[in-house]
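Chemist: Residue strings, one per chain:
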Amino acid sequence: MLSLESITKTIQDWLFAKFTPQIALTIECVIVILLCITLFAVLGLVLVLLERKVAARIQIRLGPNRVGPGGIFQTAADTLKLIMKEGLTPDAADKFLFNLAPFVVMMVAMLLLAPIAFAKNFQIWDINIGVLYVSSISSLSVIGILMAGWASNNKYSLLGAMRSGAQIVSYELSAGFAVLTIVVLTGSLQISEIVASQENGWWLFKGHIPVIIAFVLYIIAVTAETNRAPFDLAEAESELTAGFHTEYSGMKFALFFLAEYINIFIVCAIGATLFLGGWMPLHIGHWKDFNHIMDYIPSSVWFMGKTFFLIFLIMWFRWTFPRLRVDQLLNLEWKYLLPISLFNLLLVTVIAIMGWHF
Amino acid sequence: MNISSILFYAISALILGGGILAVTSVKIFRAAIWLLFSLIGIAALYFWMQVEFIAAIQIVVYVGGIVVLIIFSIFLTQHSGKEMNSPTLSKKIFSALAALFGTAFVHKLIVHYDGFTYLSALPFNSNVAEIGTQMLSTTSHGFILPFEVVSMLLLAAMIGCIVIAMRPKNEIKNNSINNIENN
Amino acid sequence: MFLKDYISDVYNGVTSLLKGMRKTGYYFTHSKEIITEQYPDNRATLKLADRFKGEVVMPHDQNNEHTCTGCTACELACPNGTIKIITKFDITPEGKKKKAIDAFIYRLEMCTLCNLCIVACPSDAIIMAPNFEHSVFDRSKLTKVLNKPGSKIKEGIE
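As you go down the protein sequences, you meet chains H, Y and Z in turn.
Going by the numbering used here, the first sequence opens with residue 45, and the numbers climb by one from there.
Going by the numbering used here, the second sequence opens with residue 13, and the numbers climb by one from there.
Going by the numbering used here, the third sequence opens with residue 2, and the numbers climb by one from there.
Worth double-checking, as some hints may not be accurate.
As the list claims (entries may be wrong) - Here are the simulated EDC-like pairs of lysine to aspartate or glutamate, each with C-alpha atoms no more than 20 Å apart in a straight line: (1) K97/H - E34/Z; (2) K139/H - E95/Y; (3) K54/Z - E76/Z; (4) K20/Z - D10/Z; (5) K94/Y - D135/H; (6) K153/Z - E95/Z; (7) K48/Z - E34/Z; (8) K149/Z - D103/Z; (9) K89/Z - E66/Z; (10) K199/H - E95/Y; (11) K39/Y - D135/H; (12) K149/Z - D62/Z; (13) K379/H - D10/Z; (14) K379/H - D6/Z; (15) K97/H - E38/Z.
It is worth saying that the hints were derived from the structure and are not from the lab.
Work out the full structure, taking the sequences as your base and the hints as a guide.
Modeler: Rendered as structure tokens:
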């Protein structure tokens with residue numbers, strides 16, 4: 045059967061048979077980098093189009109429908125336009141940091157791609173601290189935003205960056221606690237082991253109500269962490285024009301925009317891995333026949349399906365809920381999400397120790 | 013020279029270069045960013061040594077926590093686009109002396125323990141579960157006591173913060189009355 | 002009861018959010034709700050809302066009669082000076098003079114479609130029509146005379 049696993053194995057065997065190990069490794073690195081960049085470009089195009097279409101349907105409109113059949117080339121045309129545009133740098137800006145910031149944001153998004161398991165045995169780096177790596181690297185993304193806000197030398201940018209910083213730093217806590225509930229149940233931080241532990245059912249179904257609560261908390265917290273509506277105070281159009289990327293134009297703006305969507309993909313991929321079993325097909329306990337039928341669907345399809353389901357959920361939030369005020373945002377985190385997730389973690393620990401989960 | 017040592021020297025150059033630029037930069041925000049690169053370099057060094065857990069903690073605590081805190085205090089106190097005054101000559105001399113003494117002290121320590129040739133006889137175990145067990149174990153090499161002492165300290169700090177941040181009820185009432193009178 | 006309030010807060014918050022999501026989810030799954038008109042393509046079958054306001058018109062019946070008495074209430078009500086009414090005096094068969102409109106001049110380029118003239122009219126002589134293709138090559142074409150040539154006031158309207 046043709047699967048991503050066999051393809052990668054064939055390529056690796058061929059490279060190692062043909063070249064010395066060093067050269068083979070270098071070639072593999074180049075292939076991985078190219079694949080990552082391609083994935084970024086494709087994801088950016090697909091997700092922006094998806095967002096616009098979902099937004100249109102929810103607001104009983106049609107959405108983009110002029111460029112290509114059903115508007116599917118709309119985002120490609122937009123990208124072309126952004127590439128052609130002039131990338132302005134304001135005169136009073138700190139030019140070095142101003143130009144560095146979009147690349148910092150982009151690099152963080154790229155680093156986060158490393159531990160994600162896209163299919164069975166198809167993963168760039170199965171690091172043994174998987175989810176800790178993800179939460180530590182994602183705390184870097186705030187630096188790029190703060191850098192952009194300061195370097196622009198613009199009051200809107202500065203305010204947007206500060207809001208964004210406060211928001212990301214506080215919501216990281218409850219996202220971390222939600223991730224910890226699964227780590228407590230699995231007993232491992234490694235992505236591959238977390239996926240393997242869900243072979244007889246996904247944690248969302250195995251872990252009773254506390255895991256469902258953790259899932260909801262995770263979705264809320266990552267929506268805030270990626271600065272998306274209803275938590276898009278950092279770029280609140282009506283108050284701050286565009287927040288931290290007010291002064292950016294052309295391709296530098298496009299990098300921020302792309303990084304936002306890549307971050308959404310990554311947090312949804314992590315959520316799918318932790319709560320919905322990653323690439324693991326839907327298995328129910330010991331129903332051998334049922335599990336066997338489910339195995340016929342390729343693992344990459346399962347992974348992408350779950351990830352895009354979560355992405356759709358987050359888009360649904362964005363086009364349904366109104367934006368929060370700053371004080372409401374911090375109240376929600378510190379008075380509701382954090383106490384609930386602490387209590388929830390305690391419950392999950394009890395469940396894990398007593399072995400009450402399936 | 014193999015790839016591993018090339019990487020080591022590249023990372024070291026990043027750390028040292030970032031550190032030097034952090035102390036010599038005249039723009040305060042740039043200094044913070046150089047410090048950030050220096051700290052990321054240290055995390056990269058931990059990754060190079062394959063102690064991923066420490067590396068991740070380094071990033072969470074120093075980069076995600078402390079540098080963000082520094083940047084926030086810069087945001088609240090400084091103006092964007094302003095340059096700092098160059099430090100006075102005496103300041104420069106004293107900081108150079110401090111750096112020199114620090115280097116000499118570290119060098120003395122290294123020489124005292126036979127330089128860089130020393131290698132650990134035990135295989136290095138960086139498994140996260142091992143770290144967790146060791147952290148909470150009560151046996152002779154366990155770290156339960158320091159762990160608990162540190163957590164008590166943190167708890168005290170947190171309660172202290174809340175007490176400072178909380179306004180007494182009657183004060184709030186007075187303030188609101190004052191506001192109404194002012195208006 | 003602090004804890005009870007807290008839990009009911011969370012419960013109310015979650016249920017109200019779910020209610021909103023149910024509505025938007027309904028719109029997402031029901032494509033027949035889409036109200037977008039693909040205008041230049043479906044010009045013939047265009048459906049406009051009843052309350053759409055495009056320009057002021059004066060309806061005439063089959064005898065070429067309107068109900069405007071020339072009272073200038075609309076002219077006074079208009080905040081922009083869009084409407085100018087020129088009156089004349091008709092001689093009735095009994096030999097009495099009667100006031101009637103000569104020209105109801107309406108300047109579309111100055112009109113903000115605020116509907117105040119329609120509200121002010123005591124005899125419902127003018128209404129808002131759903132026409133929106135107003136572009137012309139000459140600005141003077143936007144100044145219109147609303148009463149048709151040879152039209153007269155309907156019998157019994159004072």
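Chemist: Next step is simple, just say for each hint if it's right about the structure.
Modeler: Going down the list of hints, with the structure as the test:
no. : hint            : verdict
1   : K97/H - E34/Z   : 15 Å, holds
2   : K139/H - E95/Y  : 14 Å, holds
3   : K54/Z - E76/Z   : 19 Å, holds
4   : K20/Z - D10/Z   : 15 Å, holds
5   : K94/Y - D135/H  : 14 Å, holds
6   : K153/Z - E95/Z  : 17 Å, holds
7   : K48/Z - E34/Z   : 14 Å, holds
8   : K149/Z - D103/Z : 10 Å, holds
9   : K89/Z - E66/Z   : 16 Å, holds
10  : K199/H - E95/Y  : 18 Å, holds
11  : K39/Y - D135/H  : 16 Å, holds
12  : K149/Z - D62/Z  : 11 Å, holds
13  : K379/H - D10/Z  : 11 Å, holds
14  : K379/H - D6/Z   : 13 Å, holds
15  : K97/H - E38/Z   : 16 Å, holds
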